[in-house]
Amino acid sequence: MVGYRGKLDLARVILFSYTPDLERVCAAAMRSCYSPHPAYSLYSNTPDSGVILEGEKTYFDDERVRYLIRKAKEMGHLDVLEHGSLTYDIQGVSRALTHQLVRHRLASFSQQSQRYVKVTRSFGYVKPPKIGDARVEVDIHGTKLSLSFEDVVDICRQVEEGYLKLGVPSEDARFIRVGGAATNIVITANPREYLHIFSLRCARDAQWEIQDVCYAMLALAKLVAPTIFESLPESKDDTYIKERMEKIDKIIEPIRIRFNEAKRGELIKVPLDTLLLHHHVEAYIRKIV
155 MVGYRGKLDL ARVILFSYTP DLERVCAAAM RSCYSPHPAY SLYSNTPDSG VILEGEKTYF
215 DDERVRYLIR KAKEMGHLDV LEHGSLTYDI QGVSRALTHQ LVRHRLASFS QQSQRYVKVT
275 RSFGYVKPPK IGDARVEVDI HGTKLSLSFE DVVDICRQVE EGYLKLGVPS EDARFIRVGG
335 AATNIVITAN PREYLHIFSL RCARDAQWEI QDVCYAMLAL AKLVAPTIFE SLPESKDDTY
395 IKERMEKIDK IIEPIRIRFN EAKRGELIKV PLDTLLLHHH VEAYIRKIV
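With the working numbering applied, the sequence shown corresponds to residues 155 to 443, in that order.
Quick caveat, the hints were computed from the structure, so don't treat them as lab data.
Be aware that a few hints might be false.
As the list claims (entries may be wrong) - DSS-like mimics (lysine-lysine), calculated; alpha carbons at most 27 Å apart, straight line:
hint	residue 1	residue 2
1	Lys-281	Lys-423
2	Lys-227	Lys-211
3	Lys-423	Lys-404
4	Lys-227	Lys-404
5	Lys-211	Lys-225
6	Lys-401	Lys-227
7	Lys-227	Lys-396
8	Lys-284	Lys-401
9	Lys-401	Lys-423
10	Lys-298	Lys-281
11	Lys-417	Lys-396
12	Lys-281	Lys-227
13	Lys-417	Lys-404
14	Lys-404	Lys-225
15	Lys-272	Lys-298
16	Lys-272	Lys-319
Could you build all of it, start to finish, from the sequences and the hints given here?
What follows is the structure, given as structure tokens:
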């Protein structure tokens, strides 16, 4: 059993699996709707093939892929962006965050179990920055106490441990746990759904924790599918998002070269310090091909 971790000072987001040639796959699907040629023939028609397919204006090169992706977004032909996926491992976030995230039902989730994972002394938690060192006065059967956020979390931890020692099943003892209890979750979704998630969760009025995590996810997605994620669907606070999108583009510009040259399996860190997030989030991407 590891030691009591207490407050977690950072979250970690790792993009560790995604569709290879994701944008090329989506663009081939897009073009196949309007071409006599099937998607794979289009996908394979690179300059190396030596012959442009009959009826096609150009080879299916990177420029053609970018054009088709942008055209699909412009036309609202967004189903073609569902022919791919990105899988993130999100670590050290609160249950409050995951309760918001799993509302996006066009995605698949696998979350760390509070029933089967022994978390007593390794109980970690996420503390909202605005709470700070504030203390609150409580009255427990006539006894007045001044409690900090940490005090309440530790009391809940001790009570949960006590229930377990009394033989209370872990699935019942966990009811005492706070919403800030730390957890890990895996999410897989297609690019279209991520565009929807990011347009909502990156907005100014999104809760600080999920907003930070989604900006980290977006930065990583831009390395895999830069044209798909070069813009988000309009939100009610579009300027706020656009300003941060511009910062992300500057952050990943030098990282893209390293990512393109990386060997298979290499894990690359994307620094987010200049994004001025509400809390510390580390972002990593794994090169899969």
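Verification of the hints:
1. The suggested pairing of Lys-281 with Lys-423 holds, with an alpha-carbon distance near 25 Å, which does not exceed 27 Å.
2. About 21 Å separates the Cα atoms of Lys-227 and Lys-211, which keeps this hinted pair within 27 Å; it holds.
3. Distance restraint check for Lys-423 and Lys-404: the Cα-Cα separation of roughly 15 Å lies within the 27 Å cut-off, and the hinted pair is therefore satisfied.
4. Proximity of Lys-227 to Lys-404 is assessed by CA-CA distance (about 23 Å); at most 27 Å being required, the pair is judged to hold.
5. Simply put, Lys-211 and Lys-225 have alpha-carbon atoms about 16 Å apart, close enough for the 27 Å limit, and the pair holds.
6. A C-alpha spacing of about 22 Å is found between Lys-401 and Lys-227, which places the hinted pair at or below 27 Å, so the restraint holds.
7. For the suggested pair Lys-227 and Lys-396, the alpha carbons sit about 17 Å apart, so the restraint of at most 27 Å is met.
8. Restraint check: the Cα-Cα separation between Lys-284 and Lys-401 comes to about 25 Å, which is no more than 27 Å; the hinted pair holds.
9. Proximity of Lys-401 to Lys-423 is assessed by CA-CA distance (about 16 Å); at most 27 Å being required, the pair is judged to hold.
10. Of the pairs offered as hints, the one joining Lys-298 and Lys-281 holds, with about 24 Å between alpha carbons and a cut-off of 27 Å not exceeded.
11. Note on Lys-417 and Lys-396: the hinted pairing is violated, with a Cα-Cα distance of about 32 Å set against a maximum of 27 Å.
12. For the proposed pair Lys-281 and Lys-227, the alpha carbon gap of about 38 Å is over 27 Å, so the pair is violated.
13. A threshold of 27 Å between alpha carbons decides the hint, and for Lys-417 with Lys-404 the separation of about 23 Å falls inside it, so the pair holds.
14. For the given pair, Lys-404 sits about 25 Å from Lys-225 by alpha-carbon distance, which is consistent with the 27 Å threshold.
15. Straight-line distance between C-alpha atoms of Lys-272 and Lys-298 comes to about 32 Å, which puts the hinted pair past the 27 Å bound.
16. Restraint check for Lys-272 and Lys-319: satisfied, since their Cα atoms lie roughly 13 Å apart, inside the 27 Å limit.
In this structure, the earlier hints numbered 11, 12 and 15 are contradicted, and the remaining ones agree with it.
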